[in-house]
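A.B. asks: Dock chains B, C and D against the given chain A, drawing on the hints supplied.
Protein chains: 4
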Amino acid sequence: MTSPVACVHYRVPYADTDQMRVVYYANYLVYFERARNELLRVIGFPYRDIEARGYALPVLHAQIDYKGAARYDDDLEIRAWVGWVKPVRLRVDCTVSCGGVVLAEGHTVHAFVTLATLKPTRVPADIAACLGAAGGTTA
Amino acid sequence: MTSPVACVHYRVPYADTDQMRVVYYANYLVYFERARNELLRVIGFPYRDIEARGYALPVLHAQIDYKGAARYDDDLEIRAWVGWVKPVRLRVDCTVSCGGVVLAEGHTVHAFVTLATLKPTRVPADIAACLGAAGGTTA
Amino acid sequence: MTSPVACVHYRVPYADTDQMRVVYYANYLVYFERARNELLRVIGFPYRDIEARGYALPVLHAQIDYKGAARYDDDLEIRAWVGWVKPVRLRVDCTVSCGGVVLAEGHTVHAFVTLATLKPTRVPADIAACLGAAGGTTA
Amino acid sequence: MTSPVACVHYRVPYADTDQMRVVYYANYLVYFERARNELLRVIGFPYRDIEARGYALPVLHAQIDYKGAARYDDDLEIRAWVGWVKPVRLRVDCTVSCGGVVLAEGHTVHAFVTLATLKPTRVPADIAACLGAAGGTTA
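Residue numbers (the working numbering), protein chains in the order written: chain A, 1 to 139; chain B, 140 to 278; chain C, 279 to 417; chain D, 418 to 556.
No lab work stands behind these hints, which were simulated from the structure alone.
Please note that a few of the clues may not be correct.
[Said to hold, decoys possible] When the alpha-carbon atoms are kept at most 25 Å apart in a straight line, the in silico DSS-like pairs for lysine-lysine are as follows:
id, chain 1, residue 1, chain 2, residue 2
1, A, K86, D, K536
2, D, K503, A, K67
3, C, K345, B, K258
4, B, K206, C, K397
5, D, K503, D, K536
6, A, K86, D, K503
7, C, K364, B, K206
8, C, K345, B, K225
9, D, K503, A, K119
10, C, K397, C, K364
Next comes chain A alone, as it looks inside the complex (with noise of 0.2 Å):
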């Protein structure tokens, strides 16, 4: 069985940049968001449910690698997929490519939390086997 990868388009804006000409590198922490959201919702989960339910997704780790540099108008992919889910973390690897060439990888670990609280909490079974489906394996 294949693990769904979501795939998201961007156009790269001046804002994102700096004065090397390249996108200054925390913006690739956005660009791993905006591929996360998109796998929430594709696997049946948009995080905007995730909240509506009581629940959070709070970061744990970041981790980038940078390998090129993504420039102003470039229209870059950024994908995403479930490396994998544990009672109350989950793993998120990212791709930032442009034409083809992946310009950064990396990953971001999430904790499980009650909203309200930020305390960690054991995922609800419904979302767990849609994480699990999506390619990950639950403990």
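C.D. replies: Just chains B, C and D now, kept in the frame of chain A:
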């Protein structure tokens, strides 16, 4: 009586620049916010406290005139003062300077609202008194 | 003759929100830029090409009226069109809407400059012709 | 010999928060940059001067562990120090704290490149000496 003018210093990071090698234009609105926060602190109502009391000051209007360019590593001086106060509105004026030269000036107009509903409400008397004393005319 | 209006769709990421649960006010200037980029592309002069020819369009003035609140995951529609064109200046008008409701409107005024020096220069005839045809009056 | 640790204070604006009422995760990479700039200044090579000499330090890798949440109006303390120096690479370690509690820690790895071409080049001897003295091992 002279009105209080809040002043904050801010060192420009690479993050704020764009490929024209100057600070990207939207960042000046963040600079304005930094000085506005300090202004509210100076006059005795830190925005954190305003929210804690159940109010908010969303922006209704913002405008900026750009007269020069802030650059990476510049040590900016950002000033803010109360333009005027009306029963449910507040105007804050701002300048951004470097080395005594004004690079941008503008203002924001804020509604006074109830945080829970974002509906307009009259400025509470004690806050109005402070803002009025801060140089605005309360109508 | 009708003037071209550029329109881009944009999905609001968590990154753009603030703790009032709405899009932070400075981000609308980035939204304006997204539509402006598309407008220049539509009328035949992508900003990338304008820079490649040695020109730039720094912002002299920006203003926004906020009429509603964009929120996380909203699918925004951002529109831009030429307000007017003068020998060395250009005004672009913009709106940000969601589901047919205008959330913000405003405009930016740009100088036409030489990229190397950031000094004002006349808009080259071919670009002026396109901009003029795009609904502006060239003086 | 103790290595220099740069420390900058930073007041969190509303701009940096998101609707979870905490600082959005990508902003920590900007915080790291603020302390890194100060570190380079402290050891005698402000980044502005590094660029003026025709070099640049683009980021190859970045990672962060999030241990707590920075909030609006927090007075953060951001620290940076040299992790290691190699002939064409540099690692900088960072922490973000509030009131003595570490909220995030991580590091960035930078290439030493020629600004004009963004191609790797050896760190010039005088800069390498400063960086080495700053606690890194030059290989």
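A.B. asks: Keeping to a limit of 25 Å between CA atoms, is the pair of C/K345 and B/K258 held or broken?
C.D. replies: holds (13 Å)
A.B. asks: CA of B/K206 to CA of C/K397, is that 25 Å or under?
C.D. replies: Holds: B/K206 and C/K397 sit about 13 Å apart, inside 25 Å.
A.B. asks: Are the Cα positions of D/K503 and D/K536 separated by 25 Å at most?
C.D. replies: holds (16 Å)
A.B. asks: Below or equal to 25 Å on CA atoms is what counts here, so check C/K397 against C/K364.
C.D. replies: holds (16 Å)
A.B. asks: Hinted pair, alpha-carbon criterion (25 Å max): A/K86, D/K503. Please report holds or violated.
C.D. replies: violated (37 Å)
A.B. asks: Does C/K364 pair with B/K206 here, judged by a C-alpha cut-off of 25 Å?
C.D. replies: holds (19 Å)
A.B. asks: Does A/K119 lie within 25 Å of D/K503 when you go C-alpha to C-alpha?
C.D. replies: Violated, at roughly 41 Å.
A.B. asks: Can you confirm whether the C-alpha distance between D/K503 and A/K67 stays at or below 25 Å?
C.D. replies: holds (19 Å)
A.B. asks: Does D/K536 sit within 25 Å of A/K86, going by the straight-line distance between their CA atoms?
C.D. replies: Given that 25 Å is the threshold and the Cα spacing comes to 41 Å, the pair is violated.
A.B. asks: Hey, C/K345 versus B/K225, does the alpha-carbon distance stay inside 25 Å?
C.D. replies: Between C/K345 and B/K225 the Cα gap is close to 19 Å, so the pair holds against 25 Å.
Checked against the numbered hints above, the structure violates hints 1, 6 and 9; every other hint is satisfied.
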